Amino acid sequence: MHKVLIVGEHDGKTLNPATAKCVTCARGIADGEIAIVLLGADTAAVAAQAAALAGVKSVLRVDRPENEHPLAAIFAPQLAALAADYTHVFGPSTSFGKDLMPRVAALLGVPQVSDLMTVEGPYRFKRPTYAGNAIVTVEADPARKLLATVRVASFQAAAGGGTAAIESKSTAAVLPSHTRYVGARSGSTDRPDLQTAKRVVSGGRALGSADNFKLLFSLADKIGAAVGASRAAVDAGYAPNEMQVGQTGKIISPDIYIAIGISGAIQHLTGIKDARTIVAINKDGEAPIFEVADVGLVGDLFQIVPELERLIGG
Amino acid sequence: MQKIMVCIKRVVDYNVRIRVKPDGSGVMLDGVKMSVNPFDEIALEEALRIKERGTNIEVLAVSIGVADTQQQLRTALAMGADRAILVQTDAAVEPLTAAQIFLALAKKESPDLIFLGKQAIDDDANQTGQMLAAIWQRPQATYASKVEISGEKASVTREVDAGLETIEIDLPAVVTVDLRLNEPRYVKLPDIMKAKKKPLDVTSLDALGVSAGVLLRTVKTEPPAQRQKGVMVKDVAELVDVLKKKGLI
Ligand SMILES: Cc1cc2nc3c(=O)[nH]c(=O)nc-3n(C[C@H](O)[C@H](O)[C@H](O)COP(=O)(O)OP(=O)(O)OC[C@H]3O[C@@H](n4cnc5c(N)ncnc54)[C@H](O)[C@@H]3O)c2cc1C
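Listed in order, the protein sequences are those of chains A and B.
Mapping to our numbering: the first sequence position 108 is 108, numbers consecutive.
Mapping to our numbering: the second sequence position 160 is 160, numbers consecutive.
Note that these hints are calculated values from the structure, not bench results.
This structure is a prediction, so every number in the text was calculated from the model and none was measured.
There may be inaccurate statements among the hints.
[Stated by the list, open to error] Each pair of labels, with its calculated beta carbon distance range:
#1 Ala225(B) to Gly187(A): 28 to 38 angstroms
#2 Gly187(A) to Glu58(B): 51 to 61 angstroms
#3 Met28(B) to Asp284(A): 26 to 36 angstroms
#4 Thr163(A) to Glu148(B): 19 to 29 angstroms
#5 Ala225(B) to Gly161(A): 51 to 61 angstroms
Even glycine gets a Cβ: it sits at the ideal position worked out from N, Cα and C.
Could you build all of it, start to finish, from the sequences and the hints given here?
This is the structure in structure tokens:
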């Protein structure tokens, strides 16, 4: 009998949509025996959201003041203790899960499958390596607990309508004081979240300045899109780091991805392989982005983007 | 601050186009250019900058791998590391095992800080630093884009999905680095010559008391699903037309 514990991600108010995608992944292993654990200072609101996910049996709340910020050093010993009752422990392959899950795995002395993209059996999975250029099938030992981060772009979110039981849990884990949260800067905007947006407009080095990125923001707002960027654009300071798409940025799966002035390096393409439709706008007809684009237009972005915005407007 | 250990991995150079072997047994590595994992170069650069700002700080570069991994450690020495250790093995080393090996080295060397890249661009696992911090029972600061040391503490700014987060950690600690922490220096020819004289010790898993078991068995390697080649449109009007027909805008 397999039992999956999913580490829920949240900000105290809202459950991150990545959690619902982990549920879908977990249902491929243990339909019926899925729990979501939430660590926080007060998880009442997010527990209600987690309990509504279809296929979840129980939601475990671990509320304590030390859990206010998601510090891996604080969360990991608690999760290692809670993992005792489960065969599998999953977290999202977001910055939260990537930071946390290996620490839990090592405390338990077990390996981790990173970026799980396909469940082939309870202990057999596919995951990407080499920036997505080689997909490996890995098998783990059923005698050991299995830890994984779930590549959220590979799974649809679980539906609502569930009625999981919510229970409060505590652990005897000793928490270290060597790691302290100081603060955060988030570029929160009114635009859709890059990781869950259905439409994404993304810009590269060709934009040339932070000011020119406004062209993309304007287009994005017209079509209700999130805005992304290549590493070159982020490195140059045209866009903040949370906008980076790719191997070392965000892996996204929108319905439409519009790549503007982006050459299409493999590290970038890794982040957009799951986009339903890729549109490329580039002045170089030989740019590698056109090899993966569903629709391509060769030309100068500074002419095309304003015109595109105008024509869509109609 | 007296000693910084930097963990370096030998990987296929990031410019190489990866090809999967037709029999599905792995990727083609014969004659392929091997380099220091780009993130580890950034890790080493950060250690060197801290060394250059301080006094009497030793930078130790360590790696695990085949005999030829000495090439990457020589690069690290040429960049400015003082000393290097290769834990030589032909076995495939998984992240948990790598963490155990680095722990054994940390116990011997007692560094104040251990830097690693946030991930290696071959297996893309993004695990080793976190695992090392766990079993060393020390703080971890992953995805660092800024590191400030003051006495026995470090303030680290981390790149997270929502933006930037700052945490304070007590030393010794493990820091894994992201792309924007710094830009690694170029190695100059005289430095390569000098590096040949710097100490590079070779040790083994046995000597460290670690065994490289297979925890995850790779049973198949395949190329990713290819996207169909799409259409080229001639102007913006046609583009809008196509997108409207697809119901995308
Ligand atoms: C370890 C590692 C990790 C990396 N991770 C990532 C990652 O996560 N994400 C990422 O994006 N990259 C990543 N990279 C970097 C990647 O290799 C590329 O350098 C980067 O994606 C290039 O960004 P770009 O396409 O914006 O710039 P460029 O490659 O410089 O491309 C600019 C493009 O704009 C076009 N152009 C110029 N002017 C105009 C104009 N007026 N109108 C229209 N088109 C124009 C040019 O033809 C060109 O194709 C990584 C690299 C390494 C080594």
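Taking the hints in turn, this is what the structure says about them:
Hint check: Ala225(B) to Gly187(A), Cβ distance near 33 angstroms, so the stated range 28 to 38 angstroms holds. Separated by about 39 angstroms at the C-beta atoms, Gly187(A) and Glu58(B) break the suggested range of 51 to 61 angstroms. A C-beta distance of roughly 29 angstroms is found between Met28(B) and Asp284(A), which places it inside the suggested range of 26 to 36 angstroms. Distance hint check: the CB atoms of Thr163(A) and Glu148(B) are about 49 angstroms apart, inconsistent with the given range 19 to 29 angstroms.
Take Ala225(B) and Gly161(A): their Cβ atoms lie about 32 angstroms apart, and the range 51 to 61 angstroms is violated.
Hints 2, 4 and 5 from the earlier list are contradicted by this structure; the remaining hints agree with it.
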